[in-house]
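Protein chains: 2
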Amino acid sequence: MTGTAPRRRGRPSRTQSADAPATRDRILAAAREEFSERGYDKTSVRGIAKTAGVDSALVHHYFGTKEQVFEAAVEVAFAPALKVRDTVLEGPLDEVGERMTRVIFGLWENPVTRTPLLAIVRSAVNNETAAAVFRRLVAAQLMRRIAGRLDVPDAELRTELAAAQLVGVAMMRYVIKIEPVASADPEQIIARIAPVVQGHLTGP
Amino acid sequence: MTGTAPRRRGRPSRTQSADAPATRDRILAAAREEFSERGYDKTSVRGIAKTAGVDSALVHHYFGTKEQVFEAAVEVAFAPALKVRDTVLEGPLDEVGERMTRVIFGLWENPVTRTPLLAIVRSAVNNETAAAVFRRLVAAQLMRRIAGRLDVPDAELRTELAAAQLVGVAMMRYVIKIEPVASADPEQIIARIAPVVQGHLTGP
Numbered sequence: 001m002t003g004t005a006p007r008r009r010g011r012p013s014r015t016q017s018a019d020a021p022a023t024r025d026r027i028l029a030a031a032r033e034e035f036s037e038r039g040y041d042k043t044s045v046r047g048i049a050k051t052a053g054v055d056s057a058l059v060h061h062y063f064g065t066k067e068q069v070f071e072a073a074v075e076v077a078f079a080p081a082l083k084v085r086d087t088v089l090e091g092p093l094d095e096v097g098e099r100m101t102r103v104i105f106g107l108w109e110n111p112v113t114r115t116p117l118l119a120i121v122r123s124a125v126n127n128e129t130a131a132a133v134f135r136r137l138v139a140a141q142l143m144r145r146i147a148g149r150l151d152v153p154d155a156e157l158r159t160e161l162a163a164a165q166l167v168g169v170a171m172m173r174y175v176i177k178i179e180p181v182a183s184a185d186p187e188q189i190i191a192r193i194a195p196v197v198q199g200h201l202t203g204p
Numbered sequence: 001m002t003g004t005a006p007r008r009r010g011r012p013s014r015t016q017s018a019d020a021p022a023t024r025d026r027i028l029a030a031a032r033e034e035f036s037e038r039g040y041d042k043t044s045v046r047g048i049a050k051t052a053g054v055d056s057a058l059v060h061h062y063f064g065t066k067e068q069v070f071e072a073a074v075e076v077a078f079a080p081a082l083k084v085r086d087t088v089l090e091g092p093l094d095e096v097g098e099r100m101t102r103v104i105f106g107l108w109e110n111p112v113t114r115t116p117l118l119a120i121v122r123s124a125v126n127n128e129t130a131a132a133v134f135r136r137l138v139a140a141q142l143m144r145r146i147a148g149r150l151d152v153p154d155a156e157l158r159t160e161l162a163a164a165q166l167v168g169v170a171m172m173r174y175v176i177k178i179e180p181v182a183s184a185d186p187e188q189i190i191a192r193i194a195p196v197v198q199g200h201l202t203g204p
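Those protein sequences? They're chains A and B, same order as listed. If you count the first sequence from 1, position 198 lands on 198 in full-length UniProt numbering, and the numbers rise without skipping. If you count the second sequence from 1, position 101 lands on 101 in full-length UniProt numbering, and the numbers rise without skipping.
Quick caveat, the hints were computed from the structure, so don't treat them as lab data. Misleading hints may appear alongside valid ones.
Identical chains blur together in the list; that is why a pair holds if it fits in one copy or across any two.
The list that follows gives simulated cross-link-like pairs (lysine-lysine, BS3-like), each with its CA atoms no further than 27 angstroms apart [claimed, not checked]:
(1) K66 / K42
(2) K42 / K83
(3) K50 / K66
(4) K42 / K177
(5) K177 / K66
(6) K177 / K50
(7) K66 / K83
(8) K83 / K50
Just so it is clear, the structure is predicted and the values come from calculations on it, not from any experiment.
Isolated chain A, as found in the complex (with noise of 0.2 angstroms):
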């Protein structure tokens, strides 16, 4: 009615057999950026098709549910600090909470890895299923790991209360940006903050 004619010819659905990695990777991203906008709550599989650029059926096919696909996304997410956790744990003792302190701030302060960590805290804090897939992940495949290095009866306790300085710092840093801790110098805040990781990990 008004013109031109419409452009709409169902979805697009460029390369989708022809290029099966890319076109899984294409949707992960698309997923990564639609829970970090808009938490896991208000994300949709037809949402997460839509930006990338593919039929909501591909997205079921690569990845299942909406949870698996969130699942997925975080995994992703999550590879950095999982091939780090390494990093952590190989070292002296006395330097490990130094070094998990650099790590995650690493994380923090890189953009590319700041937003999908962005979409983890937000949907786990709103959503019972997302918050599910953190503990799975964070709790189990990096808390106890780094946890079953140290020789210390309560070393779960220990890494959590650590995790919790950092996760906390992160959320009032990041997330609130409640100054000044919002615009320290990350390292005047690692000075600060090393130790204290150290000491939960390690001391009396």
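Once you have looked at the hints, place chain B on chain A.
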């Protein structure tokens, strides 16, 4: 069509003008409930009005916009924290870490005060308006007042890092519920956290 006459006769409006303070309190209680359960984004003035059994116009009359209802609900939620703030500030400075830790834990352990705290955290993490309210109330009224008592140059940053340890534990214990911290004995956690809070506030 299905037998008995419908009971809907418009929204209930009992005691609206007769008992203004009670109505105002009922709206606030409804707001706390709605914000806790749904978070800021998904809560509407209409929903609050419905839960309170009043007309939406009355919510606007008493509080103004949704942001202002939220701010009022947060203020009520933080009233116990602001009351105990003076408890935290009174007494010897070398025990301020333990007082602050016990006060914050007390608020989280009590279901009556936990519900609004959950509402604040969930909302502030996902919504910039709610985050601004959090910054205004919590940062300005709670943390800066504690910082004002510390005789150190970086008092505000120290107070925020102390608060970050408490916020992080609350996130992992009450919001995301990671084990073993979620089920640990409060005294066991306080014993480990209080010295950290003290160290942030008055340590070297």
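Going down the list of hints, with the structure as the test:
1. K66 / K42: Cα proximity of K66 and K42: in one copy and across copies (11 angstroms, 20 angstroms).
2. K42 / K83: The answer is neither: 30 angstroms in one copy and 37 angstroms across copies each exceed 27 angstroms.
3. K50 / K66: within (14 angstroms within a copy, 32 angstroms between copies)
4. K42 / K177: both (23 angstroms within a copy, 22 angstroms between copies)
5. K177 / K66: between (29 angstroms within a copy, 22 angstroms between copies)
6. K177 / K50: Intra 31 angstroms, inter 33 angstroms, cutoff 27 angstroms: neither.
7. K66 / K83: Result: close within a single copy only, 26 angstroms intra versus 44 angstroms inter.
8. K83 / K50: neither (31 angstroms within a copy, 50 angstroms between copies)
The structure shown violates the earlier hints numbered 2, 6 and 8.
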